[in-house]
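Model the placement of chains P and H on the given structure of chain R, informed by the hints.
For reference, the chains in residue letters:
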Amino acid sequence: MSAEPARTRLSLGRLATWDVGVVIVTVLTIVVAAGAVEHFGTTRNFGFLVLDLAPILLLALPMTLIIVTGEIDLSVASMVGLTSSLMGVLWNNGVPLETIMPVCVLVGAVLGAVNGFLVTGLGLPSLAVTIGTLALYRGLSFVLLGNTAVADFPRDHTAWAIGSIGESWLPNVVIPIVALVAVFVVVLHATPIGRSVYAAGANPTAAAFSGIAVGRLKFWLYVTSGTVAGLVGVFWTLRFSSARADNADGLELTVVAAVLLGGVSIFGGRGTLPGVVAGVVLLASLQNALRLADVSTEALTVVTGSLLIVSVLAPNLTSAIRSAAHRRRRPRPPDEPMHLLSPKRERTAS
Amino acid sequence: MSLLSPPAEEQSQTRTGSSRLDAVLRFRELGLVLALVALVAVTTSANSRFLSQQSIRDVLLATAITLLLACGMTMVVLTKGIDLSVGSVLGLSAFGTATLLSEYPSLPWPVAGLVGVALGAACGAVNGVVIAYGRVPALVATLGTLYVFRGIVYFWAGGSRVNAGDLPRDFLDFGTGRLLGVPYLFLIGVLVVLVVGQYLGRYRGGRDLYAIGSSEDAARLAGVAINRRLLQVYVASGALAGLGGVLHAARYGTVDASAGSGLELNVVAAVVVGGVAIFGGSGTVYGAALGALLLTVINNALPVLGIDQFWQRAIVGALIIAAIALDRLVAVRVGRSLRRKDSHVG
Amino acid sequence: MKTSRLPLRGRFAPVALGLTLALTLAACGGTTQDDADDEATAGGDEPAATADAGGEFETGLSIAMLPKSVNNPYFEASSTGAETAVGDLEGEYEYTGPSDTSASSQVSYINTLSQQAADVILLSANDPNALCSSLEQARAAGTSVVTFDSDVDPSCRDAFVSQVDGAEVGRTLIEMMSEQIGGEGQIAILSATANATNQNAWIAVIEDELANNPDYANMELVTTVYGDDEDEKSFQETQGLLQANPELKGIISPTTVGIAAAARYLQGSEYKGQIALTGLGTPNQMREFVKDETVTEFALWDPTALGELAAYAGAAVASGIITGAEGETFTAGELGEYTVGADGVIVLGPPTRFNAGNIDDFDF
Numbered sequence: 001m002s003a004e005p006a007r008t009r010l011s012l013g014r015l016a017t018w019d020v021g022v023v024i025v026t027v028l029t030i031v032v033a034a035g036a037v038e039h040f041g042t043t044r045n046f047g048f049l050v051l052d053l054a055p056i057l058l059l060a061l062p063m064t065l066i067i068v069t070g071e072i073d074l075s076v077a078s079m080v081g082l083t084s085s086l087m088g089v090l091w092n093n094g095v096p097l098e099t100i101m102p103v104c105v106l107v108g109a110v111l112g113a114v115n116g117f118l119v120t121g122l123g124l125p126s127l128a129v130t131i132g133t134l135a136l137y138r139g140l141s142f143v144l145l146g147n148t149a150v151a152d153f154p155r156d157h158t159a160w161a162i163g164s165i166g167e168s169w170l171p172n173v174v175i176p177i178v179a180l181v182a183v184f185v186v187v188l189h190a191t192p193i194g195r196s197v198y199a200a201g202a203n204p205t206a207a208a209f210s211g212i213a214v215g216r217l218k219f220w221l222y223v224t225s226g227t228v229a230g231l232v233g234v235f236w237t238l239r240f241s242s243a244r245a246d247n248a249d250g251l252e253l254t255v256v257a258a259v260l261l262g263g264v265s266i267f268g269g270r271g272t273l274p275g276v277v278a279g280v281v282l283l284a285s286l287q288n289a290l291r292l293a294d295v296s297t298e299a300l301t302v303v304t305g306s307l308l309i310v311s312v313l314a315p316n317l318t319s320a321i322r323s324a325a326h327r328r329r330r331p332r333p334p335d336e337p338m339h340l341l342s343p344k345r346e347r348t349a350s
Numbered sequence: 001m002s003l004l005s006p007p008a009e010e011q012s013q014t015r016t017g018s019s020r021l022d023a024v025l026r027f028r029e030l031g032l033v034l035a036l037v038a039l040v041a042v043t044t045s046a047n048s049r050f051l052s053q054q055s056i057r058d059v060l061l062a063t064a065i066t067l068l069l070a071c072g073m074t075m076v077v078l079t080k081g082i083d084l085s086v087g088s089v090l091g092l093s094a095f096g097t098a099t100l101l102s103e104y105p106s107l108p109w110p111v112a113g114l115v116g117v118a119l120g121a122a123c124g125a126v127n128g129v130v131i132a133y134g135r136v137p138a139l140v141a142t143l144g145t146l147y148v149f150r151g152i153v154y155f156w157a158g159g160s161r162v163n164a165g166d167l168p169r170d171f172l173d174f175g176t177g178r179l180l181g182v183p184y185l186f187l188i189g190v191l192v193v194l195v196v197g198q199y200l201g202r203y204r205g206g207r208d209l210y211a212i213g214s215s216e217d218a219a220r221l222a223g224v225a226i227n228r229r230l231l232q233v234y235v236a237s238g239a240l241a242g243l244g245g246v247l248h249a250a251r252y253g254t255v256d257a258s259a260g261s262g263l264e265l266n267v268v269a270a271v272v273v274g275g276v277a278i279f280g281g282s283g284t285v286y287g288a289a290l291g292a293l294l295l296t297v298i299n300n301a302l303p304v305l306g307i308d309q310f311w312q313r314a315i316v317g318a319l320i321i322a323a324i325a326l327d328r329l330v331a332v333r334v335g336r337s338l339r340r341k342d343s344h345v346g
Numbered sequence: 001m002k003t004s005r006l007p008l009r010g011r012f013a014p015v016a017l018g019l020t021l022a023l024t025l026a027a028c029g030g031t032t033q034d035d036a037d038d039e040a041t042a043g044g045d046e047p048a049a050t051a052d053a054g055g056e057f058e059t060g061l062s063i064a065m066l067p068k069s070v071n072n073p074y075f076e077a078s079s080t081g082a083e084t085a086v087g088d089l090e091g092e093y094e095y096t097g098p099s100d101t102s103a104s105s106q107v108s109y110i111n112t113l114s115q116q117a118a119d120v121i122l123l124s125a126n127d128p129n130a131l132c133s134s135l136e137q138a139r140a141a142g143t144s145v146v147t148f149d150s151d152v153d154p155s156c157r158d159a160f161v162s163q164v165d166g167a168e169v170g171r172t173l174i175e176m177m178s179e180q181i182g183g184e185g186q187i188a189i190l191s192a193t194a195n196a197t198n199q200n201a202w203i204a205v206i207e208d209e210l211a212n213n214p215d216y217a218n219m220e221l222v223t224t225v226y227g228d229d230e231d232e233k234s235f236q237e238t239q240g241l242l243q244a245n246p247e248l249k250g251i252i253s254p255t256t257v258g259i260a261a262a263a264r265y266l267q268g269s270e271y272k273g274q275i276a277l278t279g280l281g282t283p284n285q286m287r288e289f290v291k292d293e294t295v296t297e298f299a300l301w302d303p304t305a306l307g308e309l310a311a312y313a314g315a316a317v318a319s320g321i322i323t324g325a326e327g328e329t330f331t332a333g334e335l336g337e338y339t340v341g342a343d344g345v346i347v348l349g350p351p352t353r354f355n356a357g358n359i360d361d362f363d364f
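If you read the protein sequences in the order shown, they are chains R, P and H. Numbered according to full-length UniProt numbering, the first sequence spans residues 1 to 350. Numbered according to full-length UniProt numbering, the second sequence spans residues 1 to 346. Numbered according to full-length UniProt numbering, the third sequence spans residues 1 to 364.
Hints are computed from structural coordinates only; laboratory data are not their basis. Heads up, some of the hints might be wrong.
Said to hold, decoys possible - Each pair of labels, with its calculated beta carbon distance range:
| # | chain 1 | residue 1 | chain 2 | residue 2 | range |
| --- | --- | --- | --- | --- | --- |
| 1 | R | 94 | P | 194 | 56 to 62 Å |
| 2 | P | 205 | R | 190 | 47 to 53 Å |
| 3 | H | 352 | P | 103 | 28 to 34 Å |
These numbers come from a predicted model, not from an experiment. The beta-carbon is built from N, C-alpha and C at its ideal position, and this holds for glycine as well.
Pulled out of the complex, with its shape left as it was, chain R reads as follows:
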């Protein structure tokens, strides 16, 4: 498809540096923390680390694809909460767990489909839609379970959620994580679907002209996001052996922050999954290391926020400096309007 080479040409320098940069910073952070922070570099701690980052990483995968197409899904954490509540209610009503789990994942898919329909079917702005469903799904989650908690899930299942593979330190949850990351990386970076995702984000009109069903693509991305959220809802419930309406409250901001930190452009069309995975790992290891070093919670909050801003500000500043150098030779190109989401994003109406 046409957009792929265009993307590479437009932003190769900036993209490559940022992606590679995040990976390098992540590795450095882990190495430095292992040396400087007592108890950080142990296998047991890495096990904890993986458990902590699992929900964020899983949700970040479909979020990356959605943001690359120039949309956003702020309702992910609410979908996790709603499926978790549903799991509690069904369990209380004597439904076997083997039925509950696929039902929850399916319901997640349906919730995602609702988002997808509102965004692509009705052509509504995804930011507003998913702020709406953020409130709606969280509200329904409270309607289902109220302020009570369901906690009596069977031990062997909850033990699986926090257990390790055999005798190793690797938590069981690594298996679905690796599987899903592999699938998403292949789909985004090595298939026509992936190229359509970039094309839809880089220029939806051009993408439509080149025969990509942009709306349908986005619809299925939202379904995927909901499905993964349902899966995370099941995992979250088992991991904490507690189904609660407020599970994962506020997690959407962490997920978006991690994706953006990983070098995905909020305007769409740019970003890679290795960068995002590195972004998630970076955030989680920083938090883990700072906690082990007895640095206060407040510092964690400030660090997260600052990293997020710097991740966008730094490339902007470098490109500004670069274009200042260019300007001596060439007339200044018209500035791209850069606040909020892509301003010229064309909505499709049915």
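Frame of chain R; chains P and H shown alone:
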């Protein structure tokens, strides 16, 4: 509509001066008023106490702070931006003002209030500089400062809390006091709405915001100083959040580091329900104010109607979606009718 | 969307759904709640270690306090007490925790403390069950776990330091209310969250007293609402209570956040002096409202002493003086001797009542 036809919202977002379009826009505010009246009527028929003086005062008091933040948010959203940091800024200002007053009880409280507003404006200036000059998308920048400002409050406050007993009597009296039965806090909110409404409707600076939101390129070509306007807008939003923080401290009397957490989504909801287009260029602050009032009334009506409080969030969510879907519908219809007119002429 | 069809649906849908379904369908058989109940009763294990009654406290213990959230003056006061105790025991003290009151963030902190090989964790839990698995891992790694203020499932900790005897709190609250409204009329409760263990236990006692104690025969509990321990929510719920129940005579709020918010609302409304308000609050928070007669009397225990006792109990467990079995005793410094009750519960003492006469004697 096919994918290739021009998006309808562009037409509705530009004020054409056509009376029909204005009618549609006014229709939104009328619709909100009708919804409010219906809701109040139903609730009152269920419990006549809902229209008692005390109850009305409660609603007005509860709306006051959201009103202020909704004004700031409207201005920001008009320029196609968003300010997610308002809850954190409110917390910072509330804690700052309360701490100042508890440490220097002899300080007249309006001075402390001004410090709170200035604190908010300073936070807004950080947002503005990063967004206007750093070219960082508003969503990203204010998501970042949401964390940063909240982190600063936590850092500052730690586990401490300012209690009502630590605050000067006259400051607390201001928080609950009223003029002719109307709470001072609500009067301030209404005053701000009117001022911002006039500014957006009648002044160059205000019209520039619509221009920027409709088409930034066109606005630049028309000579609008975009960066300066954006900076001003975020400073204004921050200052209003700061003022909100001062009022929060006066109203609740107890302030800790978590004051205003999660408020940003309520404010965005009020603005969206009030008919301000999330992609800029369209909407009024009066609509946003009505949106804020409607959401508060729903909040207060649910317990009176005996509806489980857990429904509240779900209803707010459904309202947001209904509001934007309605806007979309109106935009499509207006677009169609405009095209029909065009074809008659041409 | 009515543009050209690409085979996207055909390819993408199975990828999205098939994979995730496969993952969840991995297990088979039929596990329902009934099976799990059997399992739970089967696994009631008793502490295997034996107590070295009358033994000495070890020195150099690392003791960490993990509150529900760090931005809460109540826990700050508990921390002061714990720090004093740890100082007396010549140990190392740390106060750490999340800034939001969620169970999942507490899990991360438990893991961190366990990783740092803390000897004792003093925990006030945000959820009775969600923390259990990580607490078990911490205990397996040699950390003693003593809960205070808010308990977890008894099988996941060594001992629980309770602020007061639950029945005592409930009885004190209803007694204060009865005194203030003259023993008759409608009352309501403004609680914290609906699944808060403490509050629900106290409310159950209040309901029981109302039903069975002839002294309260003319009082009626009309409703219980939940302010979620948030100022604004509690404020609004108080408004709603008064509007929905015109005959209401009094409100009991067994939570420090709720009572302060309710008092602030009453202070600025026409109900001031008409509606009796009592419950659990800290003197510093409530001083203002007692002075202007919005509130007559309320109660609480001393959170500083609670933290101190928790630290001694934790050190006693880590030193092998107690194991959490019923009947064991230990000496908690100046607080005196305490006995472990059923289920490993150690009770601080009766609640203190605060009113205009004594409120200035307290500072917490």
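Among all the numbered hints in the text so far, which are the ones the structure does not match?
Result: no hint breaks.
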